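Q: Below are the chains, spelled out letter by letter.
Protein chains: 2
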Amino acid sequence: MEKYNKERLARASEAVRKAGLSQIIVSDAAALWYLTEEEIHPGERLIVLVIPSDSDPYWVRNRLFPLKSNGIADHPFEDGEDGIGLLASLLADGRTGVDGVWHSAFLLDLMGRGGNRTFVNGSPLIDALRAVKDEEEIRRMKAASLINDRAVRRIRDFLYPGVTEKECAEELRKIYKEEGAEGFSFPPIVSFGAHGADPHHSPDDTKLAPGDSVLFDIGCKKDHYCSDMTRTYFTGEPTEEEKKVHDTVREAGLRAEALIRPGVLLKDIDKAARDCIAEAGYGLYFTHRLGHFIGIREHEAGEVSPNSPLAAKPGMIFSIEPGIYLPGRFGVRIENLVLVTEDGCELLNHEDRGWKAGLRHGK
Amino acid sequence: MEKYNKERLARASEAVRKAGLSQIIVSDAAALWYLTEEEIHPGERLIVLVIPSDSDPYWVRNRLFPLKSNGIADHPFEDGEDGIGLLASLLADGRTGVDGVWHSAFLLDLMGRGGNRTFVNGSPLIDALRAVKDEEEIRRMKAASLINDRAVRRIRDFLYPGVTEKECAEELRKIYKEEGAEGFSFPPIVSFGAHGADPHHSPDDTKLAPGDSVLFDIGCKKDHYCSDMTRTYFTGEPTEEEKKVHDTVREAGLRAEALIRPGVLLKDIDKAARDCIAEAGYGLYFTHRLGHFIGIREHEAGEVSPNSPLAAKPGMIFSIEPGIYLPGRFGVRIENLVLVTEDGCELLNHEDRGWKAGLRHGK
Chain D
1 MEKYNKERLA
11 RASEAVRKAG
21 LSQIIVSDAA
31 ALWYLTEEEI
41 HPGERLIVLV
51 IPSDSDPYWV
61 RNRLFPLKSN
71 GIADHPFEDG
81 EDGIGLLASL
91 LADGRTGVDG
101 VWHSAFLLDL
111 MGRGGNRTFV
121 NGSPLIDALR
131 AVKDEEEIRR
141 MKAASLINDR
151 AVRRIRDFLY
161 PGVTEKECAE
171 ELRKIYKEEG
181 AEGFSFPPIV
191 SFGAHGADPH
201 HSPDDTKLAP
211 GDSVLFDIGC
221 KKDHYCSDMT
231 RTYFTGEPTE
241 EEKKVHDTVR
251 EAGLRAEALI
261 RPGVLLKDID
271 KAARDCIAEA
281 GYGLYFTHRL
291 GHFIGIREHE
301 AGEVSPNSPL
311 AAKPGMIFSI
321 EPGIYLPGRF
331 GVRIENLVLV
341 TEDGCELLNH
351 EDRGWKAGLR
361 HGK
Chain C
1 MEKYNKERLA
11 RASEAVRKAG
21 LSQIIVSDAA
31 ALWYLTEEEI
41 HPGERLIVLV
51 IPSDSDPYWV
61 RNRLFPLKSN
71 GIADHPFEDG
81 EDGIGLLASL
91 LADGRTGVDG
101 VWHSAFLLDL
111 MGRGGNRTFV
121 NGSPLIDALR
131 AVKDEEEIRR
141 MKAASLINDR
151 AVRRIRDFLY
161 PGVTEKECAE
171 ELRKIYKEEG
181 AEGFSFPPIV
191 SFGAHGADPH
201 HSPDDTKLAP
211 GDSVLFDIGC
221 KKDHYCSDMT
231 RTYFTGEPTE
241 EEKKVHDTVR
251 EAGLRAEALI
261 RPGVLLKDID
271 KAARDCIAEA
281 GYGLYFTHRL
291 GHFIGIREHE
301 AGEVSPNSPL
311 AAKPGMIFSI
321 EPGIYLPGRF
331 GVRIENLVLV
341 TEDGCELLNH
351 EDRGWKAGLR
361 HGK
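So the sequences go chain by chain: D and C. According to UniProt numbering, the stretch in the first sequence is residues 1 to 363, in order. According to UniProt numbering, the stretch in the second sequence is residues 1 to 363, in order.
None of these hints come from the bench; they were simulated from the model.
Which copy? The list can't say, so a pair holds if one copy fits it or any two copies do.
Here are the computed lysine to aspartate or glutamate pairs in the EDC-like style, where the Cα-Cα straight-line distance is at most 20 Å:
1. K177 / E167
2. K174 / D205
3. K3 / E135
4. K177 / D205
5. K356 / E237
Since the model is a prediction, treat every value here as computed from it, not as a measurement.
Isolated chain D, as found in the complex (with noise of 0.2 Å):
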């Protein structure tokens, strides 16, 4: 097992007691990758990793989930045999945290074996690790961002009147796979004109014309971690009102990352970049959340929105996203990635804001 790991796991494990709680059962994929670097993939079967507040963490597994040897102890069962009757008779008595995610037959099943237990949701213990990212997290995510900003600007230079979204879409596919991706983080937005004017358009056979907005928000993953970043495009000569929303946006973001560093409370970064478009008078027009984590998964826990109970620290990173969408006319979202540090942010993104795209003249 890797140090980051045994790491990862002891932090686990004191969060388990501080939570007053006997044990944790995590079953989440991505919980089960932070922790262990095992690759899951639960289905309807059983497989969690226990964690006692006082002793070593095991595995309860169906046999069929093959493992690398990692030095956790394992207590594996037959397809057929009764794994939940196995987890019960190892788990100690006492508040017992669950992942969310655990399905309700093997809660449900758990539960009807006696034990002097209480069961509440874990999640958010594991949750809060992850938010803040580790020194190997960090370096991860700075590579995957990395390839991020380079595919943003390839796919940007691809751009010819007569392609279509989709056409877009599979070529940024053989761009990550040639800057060494595993792949696509989240299927990319590629939304032409009024297109934009959709947060979450899916890319059609719409095709570019001269003179049209094009957005790209996109991602790829890479040793497991993810990039998302957002760039809005006019392949003409902006009008006076695309260039003032496109001026907004970006200030909007500039303003939000000015306030990022450990303390400052997530729903006030928001609260800077919605001030900022509700100034210029587009304030009914940005209709998401400001930001959101991501690490192993594209969404993680945790988001930057006027509801957000979570102050800055350092370690975190989530994305900045400013957007205004004017519906059928067009939309424009500049999106980053920070990194809270000791004394303010680090952007993991590095690509230009601006708006100017050329277009090739053909294929």
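Based on the hints, put chain C in the right spot on chain D.
A: For chain C alone, kept in the frame of chain D given last:
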């Protein structure tokens, strides 16, 4: 709402009553589609259909899930509002079934809201209904399998020396599209030569050599219902052993099919095929269950296996798929879907089971 959805809801309500439950909380996407034809991808947000034993079903849902107007009572709530609190306020007391795949976070939250309720896994109730197809489902299952018959013939006739497994899988995607299917019901298995000995082989870049065996295990979705069939071809003159294995597998399937009628135990159907293969000396090389149920999903609850407690009922549709796998050499599997009728069974696949495949000279 369609007539058949009303009937399915009525059957579900009756099953809830018969099981002595006050209500069940349905959250599984396939079960929701079966009952209401609403396409729902639950993700992290709450959406459930409650089916009480003695009153009409109702939705409790985050308003972000759009629903067709379909005459089912609707209790929407806004993102950020207390959906579980709303659900708790609407539920009756008493024994309550919840879907086995419902997230534990929801169940634990609901358990903490008081009410004189106990919880059990309610999935088997709906699974039992889904195992017996109604007229509309049978019509759709037949249509999906007719496409599959044409697809397997077309992909067989597509074979040429040097074509790769992956290229066959891509060609299949095109074939299904041309034949009017919505897409694959599962990633197709294309296995040349020794790859056929791995029942779950993924298509790779292996090139077809004349004389190789070729196994296609393929299926599509049409109008939300799945097909699934397997054929194994020899592209040259098979050896005596290849012939014997192919003959045995075909014979095993025919013997199993001949047994099928209402009341017969599914484990006895499995045994008929298993015995046939054992008699030919290949008992050790038939390494999986004989069949699985299928419908909205390519694998549904219920199996044709030595452990199955089920007896055949009119309207059940399952696969019959004996196989013999000789590691490092080749494998043969022949699979058809069968519908249990009032007095026997009806095959949903009509394509020849023989081994003969010619090869084109090239692309």
